[in-house]
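A.B. asks: So the chains spell out like this:
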Amino acid sequence: MNLNLTLIGQAIAFAVFVWFCMKYVWPPVMQALQERQKKIADGLDAASRATRDLELAQEKAEETLRESKEQAQQILEQANKRSNQIVEEARETARAEGERIIAGARSEIDQEINRAKEELRAQVSLLAVAGAERILESSIDEAKHRELVDKLAAEL
Amino acid sequence: MAGNNMTSTEYIQHHLQNMTYGLHPENGWSMAHSAADAKAMGFWAIHVDTMLWSIGLGVLFLWLFRSVAKRVSTGVPTGLQNFVEMMVEFVDGSVRETFHGKSRLIAPLSLTIFCWIFLMNIMDLVPVDFLPMLAQKIGSWFGADPSHVYFKVVPTTDINATLGMSLSVFALIIFYSIRSKGLSGFIAELTLHPFNTSNIFAQILLIPVNLLLELVTLLAKPVSLALRLFGNLYAGELIFILIAMVGLWQLPLHFPWAVFHILIITLQAFIFMMLTIVYLSMATEEQH
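Residue numbers (the working numbering), protein chains in the order written: chain R, 1 to 156; chain S, 1 to 288.
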């Protein structure tokens, strides 16, 4: 066991190795490790964020679905109401139209009746005059008798 | 068993002798041909095998990690990157648990200590005769006497290697102490603890006692750090050598010891790293 220059040689070699390790080996490896740590942390972060987003989106989708169902229900109700209304209106219109037609027909009939009455009156008066002429076989003052007959006819 | 005409003692001594190059008082700068030669060289000698293996393994470690660091991706890691990231995270976790200050040096320092010591220790699992015999063959091609070619493969069984590291750590301990507490704070820590009174004269009397105690505490750190690693690996290596001497029976003996030794190899590398972190965190934090 003799101490000699090897001691100093070893110390120098040791120092050089440590320097090299500190300068060229440790920093890149450490940096890579830290970067990977950061990447993993970011990844986990992103994953949890995505899960949260997914939950939000699901909630939103459910809400939208519920809203649209409600809307559909509303529209359906409105449509039902409207259709009832339309049917009601149509029925009303039809009834009014029918009444109108009936009234028209009735007034036309009245008119016809009146006209027929008029004609009949005119003809009756003529017939009465002609009949009276034939019966009397004599000339009658046409002007005098016509007035009489017209009066008669008007009384019919 | 290398060299059939060796005695057991010679065999063990041969295995425990480093390949030494140094300034011999008579031969000048030369390879040591024997343990006595190496001893005669004193301080001005260098263990070629220790330097070669430790630097080679250190470069292997850095090359491996650097090749990953260059093409590191933040995506899904594959193959070698997985392993490197595992190591880096393991060391980073250990440092974060123990060291609460902020330092760009501590974590890479710990990684280097752990991986380098682990690689140096693991050379212990290579059968003890393989590489020394190879070295002897190569040595004999260059005209050296094979029995004079010494080759110790495990750098951490050389006290110079472990002490070199622990003294560097010691320098860092002192540097961090002074940086975080200031020179006066550091000196106060050495002189005013553990005995402290409000009486100024008593305090002056207590300063030498405190200094002695605290200096022992301080110096025990690098020495224990170096000797723990050295002792464990040296003993392990010695047992491998002893097992290698029993002939054919070494196979059933070698295997369980090698398996057990895997634990020691990893544990010692981990202990050296953890104690370094602990010492440095103690140096930066206020004590007492």
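Because the hints were derived from the structure by calculation, they are not lab data.
Each hint should be verified, as a subset may be incorrect.
[Said to hold, decoys possible] Straight-line alpha carbon distances no greater than 30 Å define the calculated DSSO-like cross-link-like pairs of lysine-lysine that follow:
{"#": "1", "chain 1": "S", "residue 1": "Lys-137", "chain 2": "R", "residue 2": "Lys-23"}
{"#": "2", "chain 1": "S", "residue 1": "Lys-39", "chain 2": "S", "residue 2": "Lys-137"}
{"#": "3", "chain 1": "R", "residue 1": "Lys-38", "chain 2": "S", "residue 2": "Lys-102"}
[As the list claims (entries may be wrong)] Chain R regions said to be covered by chain S (calculated; three or more residues, Cβ under 8 Å):
{"#": "4", "segment": "14–21"}
{"#": "5", "segment": "90–102"}
Just so we're clear, the structure is a prediction, and the values are computed from it rather than from any experiment.
For each residue, glycine too, the CB sits at the ideal point set by N, CA and C.
A.B. asks: A separate judgement is required for each hint: does it hold in the structure or not?
C.D. replies: Here's how the hints hold up against the structure:
1. A threshold of 30 Å between alpha carbons decides the hint, and for Lys-137 of chain S with Lys-23 of chain R the separation of about 40 Å lies outside it, so the pair is violated.
2. Between Lys-39 of chain S and Lys-137 of chain S, the direct Cα distance comes to roughly 25 Å. Compliance with the 30 Å bound is thereby established for this hinted pair.
3. Simply put, Lys-38 of chain R and Lys-102 of chain S have alpha-carbon atoms about 21 Å apart, close enough for the 30 Å limit, and the pair holds.
4. Requiring three or more residues with a Cβ within less than 8 Å of a Cβ of chain S, the coverage given for the segment 14–21 of chain R holds, as 6 such residues are present.
5. With 0 residues bearing a CB less than 8 Å from a CB of chain S, the segment 90–102 of chain R misses the requirement of three and the coverage assertion fails.
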